[in-house]
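*Asks:* Below, each chain spelled out in residue letters.
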Amino acid sequence: MSEDTDGWRRLDARMLLVHPLETLIRFLPALLAVVLFRSGSDANDRWELYAIPLIVAFGVLRWLTTRYRIADGQIELRRGLFTKQTTTARLDKVRTIDLTARVYHRLLGLAKVEVSTAGGHHDRLVLDALGVDAGRRLRAELLHRLDPAVTGLPAPTGAPMAVEDVPREAPPRVDDELLLRLDPTWIRYAPLTVTGLASAAAIVGFATQGFSRFSQERSVFRDGASLVSRLSWWADVLLLLGIVSLLAVGAYVLTFWGFRLTRNRLGTLHTRRGLLTSRETSIDAARVRGIRLDEPLGLRLAGARRLKVVTSGLLREQGGSDWLCPPAPADVVTPLALRIRPDEAAVSGPLTPHGPAAQRRRLTRAVVPATLVAAALVAARLLWDWHGSLLVLVPLILVGAVALGQDRYRALGHTVTPGHLVSRHGSLDRQRIVLDRDGIIGWKVEQSFFQRRVGVATLVATTAAGAQHYDVVDVPLEQAYAVLAHVSPELLADFA
Amino acid sequence: MLREPAHRVSRRAVLMWTIQALVVLAVLLAGQVVWWLVDDSPSRSLHWIVGAVWLVAGAAYAVAMPQWRYRVHRWEATSRAIYTQSGWLRQERRIAPLSRVQTVDLERGPVAQLLGLASVTVTTASAAGPVTIHGLDLPVAHELVDALTAAAVAETGDAT
Numbered sequence: 172m173s174e175d176t177d178g179w180r181r182l183d184a185r186m187l188l189v190h191p192l193e194t195l196i197r198f199l200p201a202l203l204a205v206v207l208f209r210s211g212s213d214a215n216d217r218w219e220l221y222a223i224p225l226i227v228a229f230g231v232l233r234w235l236t237t238r239y240r241i242a243d244g245q246i247e248l249r250r251g252l253f254t255k256q257t258t259t260a261r262l263d264k265v266r267t268i269d270l271t272a273r274v275y276h277r278l279l280g281l282a283k284v285e286v287s288t289a290g291g292h293h294d295r296l297v298l299d300a301l302g303v304d305a306g307r308r309l310r311a312e313l314l315h316r317l318d319p320a321v322t323g324l325p326a327p328t329g330a331p332m333a334v335e336d337v338p339r340e341a342p343p344r345v346d347d348e349l350l351l352r353l354d355p356t357w358i359r360y361a362p363l364t365v366t367g368l369a370s371a372a373a374i375v376g377f378a379t380q381g382f383s384r385f386s387q388e389r390s391v392f393r394d395g396a397s398l399v400s401r402l403s404w405w406a407d408v409l410l411l412l413g414i415v416s417l418l419a420v421g422a423y424v425l426t427f428w429g430f431r432l433t434r435n436r437l438g439t440l441h442t443r444r445g446l447l448t449s450r451e452t453s454i455d456a457a458r459v460r461g462i463r464l465d466e467p468l469g470l471r472l473a474g475a476r477r478l479k480v481v482t483s484g485l486l487r488e489q490g491g492s493d494w495l496c497p498p499a500p501a502d503v504v505t506p507l508a509l510r511i512r513p514d515e516a517a518v519s520g521p522l523t524p525h526g527p528a529a530q531r532r533r534l535t536r537a538v539v540p541a542t543l544v545a546a547a548l549v550a551a552r553l554l555w556d557w558h559g560s561l562l563v564l565v566p567l568i569l570v571g572a573v574a575l576g577q578d579r580y581r582a583l584g585h586t587v588t589p590g591h592l593v594s595r596h597g598s599l600d601r602q603r604i605v606l607d608r609d610g611i612i613g614w615k616v617e618q619s620f621f622q623r624r625v626g627v628a629t630l631v632a633t634t635a636a637g638a639q640h641y642d643v644v645d646v647p648l649e650q651a652y653a654v655l656a657h658v659s660p661e662l663l664a665d666f667a
Numbered sequence: 163m164l165r166e167p168a169h170r171v172s173r174r175a176v177l178m179w180t181i182q183a184l185v186v187l188a189v190l191l192a193g194q195v196v197w198w199l200v201d202d203s204p205s206r207s208l209h210w211i212v213g214a215v216w217l218v219a220g221a222a223y224a225v226a227m228p229q230w231r232y233r234v235h236r237w238e239a240t241s242r243a244i245y246t247q248s249g250w251l252r253q254e255r256r257i258a259p260l261s262r263v264q265t266v267d268l269e270r271g272p273v274a275q276l277l278g279l280a281s282v283t284v285t286t287a288s289a290a291g292p293v294t295i296h297g298l299d300l301p302v303a304h305e306l307v308d309a310l311t312a313a314a315v316a317e318t319g320d321a322t
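Protein sequence lines, in the order shown, are assigned to chains F and V. Residues in the first sequence are numbered from 172 upward in steps of one, following the working numbering. Residues in the second sequence are numbered from 163 upward in steps of one, following the working numbering.
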């Protein structure tokens with residue numbers, strides 16, 4: 172590995188192989204179009220081949236012009252031939268480090284390293300790609316900078332230093348604490364989450380579009396289609412449910428296969444997951460501001476939960492980086508949550524309910540839209556003579572709305588423990604936030620016109636982590652101020 | 163229970179909000195005029211009805227909203243925290259400790275410049291947490307910015 176005098180380092184040379192491959196995959200649709208077009212004409216000119224040396228040359232240029240270094244307490248990334256671009260991040264602002272390896276990365280022993288820092292989600296450095304070992308050493312160096320014992324090096328704020336100087340063996344794993352390992356039987360929860368269903372529905376949508384094109388020509392599809400159309404409606408529904416469940420299971424396996432959560436002795440949380448694309452995320456313990464227990468309706472009915480971390484500087488566009496536990500039984504998730512935030516009252520204790528005004532508001536919000544829909548159905552029956560069986564839906568919708576409103580009210584609750592502010596809300600997507608009290612950096616008390624009339628408010632705790640704000644919904648006004656006074660007494664002292 | 167913040171914003175803020183409301187009304191009027199010119203049908207009654215509806219609603223908005231806002235808008239800054247109250251139909255109170263302040267901005271829109279007003283925005287490390295005070299007298303705004311900046315500089319740490 173070459174290194175010039177100022178400590179600037181290049182990416183891994185094996186990325187020269189990856190880049191043409193990535194470009195090829197990106198332009199695959201265009202290539203297919205070219206091939207299809209070619210098959211219809213007699214021309215022999217393979218002009219698309221000229222693109223290959225261009226792509227390779229571009230990859231070489233990118234490799235030659237991209238450099239990074241760790242010096243003077245910051246990590247710098249420099250790239251670009253014509254417009255030189257330098258991205259800099261202070262080492263003490265580094266929050267999270269992601270190592271992602273797609274299939275072809277893994278074949279070549281490479282990993283893409285993404286370093287995210289505080290101060291907004293666009294602040295990140297991407298090193299695409301380093302050798303897996305070099306990436307892990309870089310990660311160890313960046314995250315464990317405070318403890319020279321882990322890297323065997325002085326804190327990287329001094330003289331320039333090469334990543335390759337870090338001892339070859341990865342940071343000591345002996346004292347890493349294994350918090351969770353995926354149990355393959357949890358895959359049964361995959362079809363019960365909204366995200367699983369949504370991704371499956373998207374796949375079904377694309378697939379049906381694709382099939383409808385082929386079905387005109389291929390007898391297999393035509394026979395299949397006519398078979399499906401002959402089935403009775405409940406068989407269709409069962410078939411659809413089966414396909415969607417299978418796809419959701421597939422997505423779960425691809426994303427979470429081999430999921431493992433560990434914690435090293437500095438408290439850094441480390442997850443590793445993925446069947447084809449493997450992904451490793453390391454989260455600095457000092458940046459964790461709390462946890463989020465998700466209990467969407469489907470999982471709740473099956474006695475399952477999932478766990479996410481509330482932290483600053485996560486890459487939001489990479490869905491799933493903040494998962495500490497995929498959908499799993501509650502008696503696995505709750506103890507796990509307690510190991511990360513050992514506060515029994517906050518994680519599983521009872522919450523203060525928000526009272527009758529909040530209950531009325533939940534019911535109104537559920538019943539009013541449902542009544543409108545029901546009225547529209549009745550009107551459609553009377554005015555345009557729609558099918559009478561649709562009227563069966565009217566009581567279903569109304570009963571469902573009342574049940575939803577009641578369930579949403581039952582979810583509402585908050586409590587303050589010595590270390591945390593806890594808030595829970597939602598029915599279809601119920602979540603319980605356990606937010607560190609010292610992670611709260613401001614407060615908002617919001618009241619809409621209707622909330623003022625019934626004396627409730629939405630108390631918003633703002634934080635630099637996760638969703639940036641966490642709400643206690645429809646809490647009676649005096650309770651909202653009581654929470655504020657309890658958590659931030661020094662703030663209120665001036666204004667009481 | 164929290165008391166209200168101590169200070170009201172400038173009385174001229176009412177004028178600023180009124181002008182802003184009138185700008186919205188002018189845009190609506192322009193739309194109405196375009197419709198009048200484009201429409202070919204001989205009957206103009208629909209035009210009069212639509213125009214009357216938004217004119218009444220708009221006039222009520224332009225008269226009531228600025229007064230209402232002025233009554234709600236209040237602010238206070240101590241050595242430890244900044245505390246504001248704002249809104250009209252939807253009202254909110256915000257408190258941010260000065261130890262978590264990252265930037266202090268002073269902004270002056272065209273109308274505010276005309277009236278000698280300014281707004282001060284205090285941002286914290288949370289994307290959800292900016293605290294803005296609209297319609298301050300310019301000297302008051304400058305004074306506030308100086309005080310807040312001094313307090314923010316005195317604090318150390320990365321404010322997250």
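Hints should not be assumed to be uniformly reliable.
Stated by the list, open to error - So the derived list for chain V, only partly shown, Cβ under 7 Å to chain F, looks like this: (1) M163; (2) R242; (3) A243; (4) Q253; (5) A258; (6) A289; (7) A290; (8) D308; (9) L310.
If you're looking for bench data, these hints aren't it; they were derived computationally from the structure. Beta carbons: idealized from backbone N, C-alpha and C, even for Gly.
*Asks:* If a hint holds in the structure, say so; if it doesn't, say that too.
*Replies:* Outcome of the hint check:
no.: 1; hint: M163; verdict: 5 Å, holds
no.: 2; hint: R242; verdict: 6 Å, holds
no.: 3; hint: A243; verdict: 5 Å, holds
no.: 4; hint: Q253; verdict: 5 Å, holds
no.: 5; hint: A258; verdict: 4 Å, holds
no.: 6; hint: A289; verdict: 4 Å, holds
no.: 7; hint: A290; verdict: 4 Å, holds
no.: 8; hint: D308; verdict: 19 Å, violated
no.: 9; hint: L310; verdict: 14 Å, violated
Violation of the numbered hints given earlier is confined to hints 8, 9; the remaining hints are satisfied by the structure.
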